[in-house]
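Chemist: Listed below, chain by chain, are the residues.
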Amino acid sequence: MGRWRLLAIHVTLLTVASLTMLPLAFMVNNVFRSNREFYRSFFSIPDAFKGLARVAGAAAVGDSNEPVQVEDEQGQSRQMAPGEAAGVYFRQIKRGPAMAWAVLRPYLINSLIVSILTALGVSVLGSSAGYILSRYRFLGSRAALVMFLATMMFPGVLTLVPSFLLVKNLGLLNTYWAMILPYVAGGQVFATFVFHSFFKGLPEELFESARMDGAGHLGLYWNIVLPLSRPVFSVVIIMNILGTWNNFLWPFITNTDGSHHVISSGLFALATSQHAQNFSTMFAAYAISSVPLLILFVYATRPFIRGMTSGAFKA
Amino acid sequence: MIRPSLRSTLGCYAIILPGIVLLLTFIYLPVVWAFSKSLQEFEVGGPARFVGLANYREYLTLDPTCWPSVLNMLMLTMFAVCVRLTVPLIVAKLIHSLPRERWRHFYRVMFLAPIVVPGVAVQLIWQGMIYADNGMLNSLLSAVGLSGWARGWLSDPHTALAAVMMVGFPFVGGFEVLIYYAGLSAIPDSVNEAALLEGCTGVSKFFRIDIPLILSQLKLILLLTVIGGMQGFEGLFILTRGGPGFKTTVPGLWMYFNAFSFQRMGYACAIGVLLFLAIFALTLLNLKYFKSAEDVKGES
Numbered sequence: 000m001g002r003w004r005l006l007a008i009h010v011t012l013l014t015v016a017s018l019t020m021l022p023l024a025f026m027v028n029n030v031f032r033s034n035r036e037f038y039r040s041f042f043s044i045p046d047a048f049k050g051l052a053r054v055a056g057a058a059a060v061g062d063s064n065e066p067v068q069v070e071d072e073q074g075q076s077r078q079m080a081p082g083e084a085a086g087v088y089f090r091q092i093k094r095g096p097a098m099a100w101a102v103l104r105p106y107l108i109n110s111l112i113v114s115i116l117t118a119l120g121v122s123v124l125g126s127s128a129g130y131i132l133s134r135y136r137f138l139g140s141r142a143a144l145v146m147f148l149a150t151m152m153f154p155g156v157l158t159l160v161p162s163f164l165l166v167k168n169l170g171l172l173n174t175y176w177a178m179i180l181p182y183v184a185g186g187q188v189f190a191t192f193v194f195h196s197f198f199k200g201l202p203e204e205l206f207e208s209a210r211m212d213g214a215g216h217l218g219l220y221w222n223i224v225l226p227l228s229r230p231v232f233s234v235v236i237i238m239n240i241l242g243t244w245n246n247f248l249w250p251f252i253t254n255t256d257g258s259h260h261v262i263s264s265g266l267f268a269l270a271t272s273q274h275a276q277n278f279s280t281m282f283a284a285y286a287i288s289s290v291p292l293l294i295l296f297v298y299a300t301r302p303f304i305r306g307m308t309s310g311a312f313k314a
Numbered sequence: 000m001i002r003p004s005l006r007s008t009l010g011c012y013a014i015i016l017p018g019i020v021l022l023l024t025f026i027y028l029p030v031v032w033a034f035s036k037s038l039q040e041f042e043v044g045g046p047a048r049f050v051g052l053a054n055y056r057e058y059l060t061l062d063p064t065c066w067p068s069v070l071n072m073l074m075l076t077m078f079a080v081c082v083r084l085t086v087p088l089i090v091a092k093l094i095h096s097l098p099r100e101r102w103r104h105f106y107r108v109m110f111l112a113p114i115v116v117p118g119v120a121v122q123l124i125w126q127g128m129i130y131a132d133n134g135m136l137n138s139l140l141s142a143v144g145l146s147g148w149a150r151g152w153l154s155d156p157h158t159a160l161a162a163v164m165m166v167g168f169p170f171v172g173g174f175e176v177l178i179y180y181a182g183l184s185a186i187p188d189s190v191n192e193a194a195l196l197e198g199c200t201g202v203s204k205f206f207r208i209d210i211p212l213i214l215s216q217l218k219l220i221l222l223l224t225v226i227g228g229m230q231g232f233e234g235l236f237i238l239t240r241g242g243p244g245f246k247t248t249v250p251g252l253w254m255y256f257n258a259f260s261f262q263r264m265g266y267a268c269a270i271g272v273l274l275f276l277a278i279f280a281l282t283l284l285n286l287k288y289f290k291s292a293e294d295v296k297g298e299s
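Chains as they are written, first to last, in numbering that gives the first Met the number 0: chain A, 0 to 314; chain B, 0 to 299.
Bound-form chain A, shown alone (with noise of 0.2 Å):
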């Protein structure tokens, strides 16, 4: 390929991922500005910021004691020794984070209890379910496989309202049991089908030889299946980990008393909230919620990206 053919294609490709981005960075630049500094353009380098880098400039040519003029939310400016003056920015900068994370805390909280354990039902239950129905054949195996694969005709819409009159009835309402029991129900499903696939790839001497040594269905899930598989595992977690994370709409419902928000429904609760006045709150909030995520992000790509490019994504 010709260099300016290769230098054309970096361009293009830069140029989509920082448009991709671009409201990430509004999203992170507004987590260090006031509201007057928003309304005064959608777009700038905090004043806190500048104002740091002030007072540094000022103690690093010497004048360390020369007074400097602090401007504060309401735009009225004062004189101020430096070292107040860096406090005083300090606490514009870390205002924002701190409000949200005294807000975000418990949904955060609840967020991990219900993603962790829904993640740990699925990949038991997935996991085992398609051992046993890829590799043994009984009455109603195949019924069972059926069952199973069949719920993936029914789009959630059709089962949205019923399930909150269900949830309601079995008196679940405003508990993690409301979220974890349908996500796993619903989760297990995909988890199933990518593991039944996997299992049935691999040579039935593996297992043939495992049952000569006497080894029962607990010893080939745990001496085989699980060493086996691990990639589908981190497959099949990271997505369910991702489903859990981002799903608003099912929380936001069957919270009708706001005691048990995630990070999804909390963040729209508090988008509908006084807080929603005060822009770095807001912003602060949505960047604190992408934390664990980006946490998750940085240790598994690699694994991720690599079950997703197996080929096992297509119709």
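Honestly, the hints are just simulated from the structure, not real lab data.
Among these hints, one or two may not hold up.
[As the list claims (entries may be wrong)] Pairs of lysine to aspartate or glutamate, EDC-like flavour, derived with a Cα cap of 20 Å:
no. : chain 1 : residue 1 : chain 2 : residue 2
1   : A       : K167      : A       : E83
2   : A       : K93       : A       : E83
3   : A       : K167      : B       : E40
4   : A       : K167      : B       : D209
5   : B       : K92       : B       : D209
6   : B       : K204      : B       : E192
Take the given structure of chain A and dock chain B to it, following the hints.
Modeler: Okay, now just chain B, sitting in the frame of chain A:
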């Protein structure tokens, strides 16, 4: 596949039982309820009255939102299909054509990275940052002297639907890129070499070799996008709540409002059933008429 002994068969049943119970309770029971309760009229906790097909008749003939909202849904879905079948594919092709694996990995990670931001946050950022009165769009317009064009993009009846469509610009979903990329990587070297020998390169190779060979990926994305477009309404709920007027209302959103704002549970179930039937029919059509490379090979 082996036929296990009796004892081991009981073990098999015991292992798959919890999953089956969850499936029956939380999926099959709601599916049955969706149909049965769509024939009733009731509020949550209130007495139910059997009304036959009245809910369906009311929605299809009397409800003023019905056809406008179906039209909105079709426009949103068609737009989504157009962009998701093209933009991520082009990006995947560009990434795939880079000679160095390091760069290919770098770009795949770059385009996947935005998935860490929850969908709700993305919608709220677009609402509060891009489309807001003093947001990016209006600021840019007044910066180039077109301040007359500035408006509340999501509240103006003329622009609301288009504004909703454009959320997510430039529409490069990380998942789709990965899926297309996987398809492109799976094209055998022998095919690529033969194409090169025949002098088939660049755009003509893209259309004559690449696209026919990744039809199964295109089909998957098409299916997912159509299903998602027909039933999705979370974004609309966050961005516009269906307004202004009913300009951005879709049947799914109307179902939500009927259930959870107007307490018309039976009516909501009827809308859900109709949506399910439409999605089901489209899925069958899609599977029947849009054949993937494997199917074609299997028949010849």
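Chemist: Of the numbered hints stated previously, which ones are contradicted by the structure, given in increasing order?
Modeler: Those not satisfied are hints 1 and 4.
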